[in-house]
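Asker: Sequence:
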Amino acid sequence: MVTVAVAGGGSGIGLDIVQAVLDAKKHDVIVLSRSDQPHLSSQGADVRVVGYGSAEDVRESLRGVHTVISCIAAYGSNSTTSELALLEAAKQAGVARFVPSEWNSDCYDVVDLYSGKGIVWKAVQSSGLEYTRFINGLWMNVFGPGCVRDEEEALGAYKGRPPFAIDLKAGTAIITGDASQMVVISKTQDIGRFVAAALDLPKWEPESRIVGDRITFTEVAELAKSRCGRDIQIKVMPTENLKGLLRGNMSSDERFYYQLLLAIATGRMDF
Numbered sequence: 001m002v003t004v005a006v007a008g009g010g011s012g013i014g015l016d017i018v019q020a021v022l023d024a025k026k027h028d029v030i031v032l033s034r035s036d037q038p039h040l041s042s043q044g045a046d047v048r049v050v051g052y053g054s055a056e057d058v059r060e061s062l063r064g065v066h067t068v069i070s071c072i073a074a075y076g077s078n079s080t081t082s083e084l085a086l087l088e089a090a091k092q093a094g095v096a097r098f099v100p101s102e103w104n105s106d107c108y109d110v111v112d113l114y115s116g117k118g119i120v121w122k123a124v125q126s127s128g129l130e131y132t133r134f135i136n137g138l139w140m141n142v143f144g145p146g147c148v149r150d151e152e153e154a155l156g157a158y159k160g161r162p163p164f165a166i167d168l169k170a171g172t173a174i175i176t177g178d179a180s181q182m183v184v185i186s187k188t189q190d191i192g193r194f195v196a197a198a199l200d201l202p203k204w205e206p207e208s209r210i211v212g213d214r215i216t217f218t219e220v221a222e223l224a225k226s227r228c229g230r231d232i233q234i235k236v237m238p239t240e241n242l243k244g245l246l247r248g249n250m251s252s253d254e255r256f257y258y259q260l261l262l263a264i265a266t267g268r269m270d271f
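So in UniProt numbering, spot 30 of the sequence shown is number 30, and the numbers just go up one at a time.
Treat the hints loosely; a few may be bogus.
Below are the EDC-like pairs computed for lysine to aspartate or glutamate, each with C-alpha atoms no more than 16 angstroms apart in a straight line [said to hold, decoys possible]:
| id | residue 1 | residue 2 |
| --- | --- | --- |
| 1 | K243 | E254 |
| 2 | K91 | E56 |
| 3 | K91 | D106 |
| 4 | K243 | D109 |
| 5 | K26 | D200 |
| 6 | K235 | E219 |
| 7 | K235 | D253 |
| 8 | K91 | E130 |
| 9 | K243 | D178 |
| 10 | K26 | D46 |
| 11 | K243 | E222 |
| 12 | K169 | D200 |
| 13 | K225 | D167 |
| 14 | K25 | D200 |
| 15 | K122 | D200 |
| 16 | K203 | E130 |
| 17 | K235 | D150 |
Simulated from the structure, these hints should not be mistaken for lab results.
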């Protein structure tokens with residue numbers, strides 16, 4: 001048994017990981033959060049309210065911790081600064097293992113808002129700590145909004161977010177490339193269980209890859225039709241058209257959306 005600290009463990013993918021580790025009942029769990037999380041405290045997690053302004057702000061919360069798992073928000077300069085502070089605090093506190101906040105695929109050069117992940121990854125590699133990054137492709141839960149039953153379970157860590165590519169409520173699907181590109185999709189709850197099991201491995205490889213399924217968006221749309229009993233109007237967007245769109249002006253959220261589609265179209269989420 002070791003003590004595991006999950007930064008950002010009160011919501012999103014962090015919550016699914018914390019829940020999986022708690023359910024496994026093998027390790028002590030510390031949740032680093034910016035606010036109290038009574039629903040986790042009641043299950044036996046040690047919730048510690050922290051800020052990430054500097055390594056000193058976090059270091060004392062990591063005393064005695066063996067493994068740090070970062071689930072700090074996925075992108076933005078503040079997130080990068082916070083995660084670097086968390087990594088430095090882990091080094092100062094004598095932590096043995098560190099997991100950076102990845103939870104997607106290595107597409108830093110395609111998705112602008114993921115560029116900070118590359119900075120953190122280089123720092124992790126030179127940290128002297130044992131590390132792994134979890135590469136899981138696209139979250140299956142992005143297809144959850146509008147699910148005909150058990151929508152809360154379908155959404156998982158994706159609660160409160162808009163549908164991605166396939167919109168069950170609108171009955172539409174955007175499929176990029178020539179519609180035959182495979183993409184890895186993994187359910188966030190399964191990612192949590194995988195991470196919990198990986199804590200028992202005696203040695204970590206630099207990358208830990210998770211493949212919930214490997215499928216085309218066309219196949220996902222056809223499954224949605226048959227399982228949900230809804231017609232799905234498919235729009236195929238060739239890669240060149242997608243690149244043309246990205247050369248225009250758009251909001252950061254729109255650019256993020258279309259850059260993720262480009263990453264899929266060019267095989268960056270197929271492994």
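Asker: Next, verify each hint and record whether it holds.
Answerer: Status of the hints after comparison with the structure:
no. : hint           : verdict
1   : K243 with E254 : holds, 13 angstroms
2   : K91 with E56   : holds, 11 angstroms
3   : K91 with D106  : violated, 24 angstroms
4   : K243 with D109 : holds, 14 angstroms
5   : K26 with D200  : holds, 9 angstroms
6   : K235 with E219 : holds, 14 angstroms
7   : K235 with D253 : violated, 21 angstroms
8   : K91 with E130  : holds, 11 angstroms
9   : K243 with D178 : holds, 14 angstroms
10  : K26 with D46   : holds, 15 angstroms
11  : K243 with E222 : violated, 26 angstroms
12  : K169 with D200 : violated, 41 angstroms
13  : K225 with D167 : holds, 11 angstroms
14  : K25 with D200  : holds, 12 angstroms
15  : K122 with D200 : violated, 25 angstroms
16  : K203 with E130 : holds, 8 angstroms
17  : K235 with D150 : violated, 27 angstroms
Consistency with the previously given hints fails for numbers 3, 7, 11, 12, 15, 17, ordered from lowest to highest.
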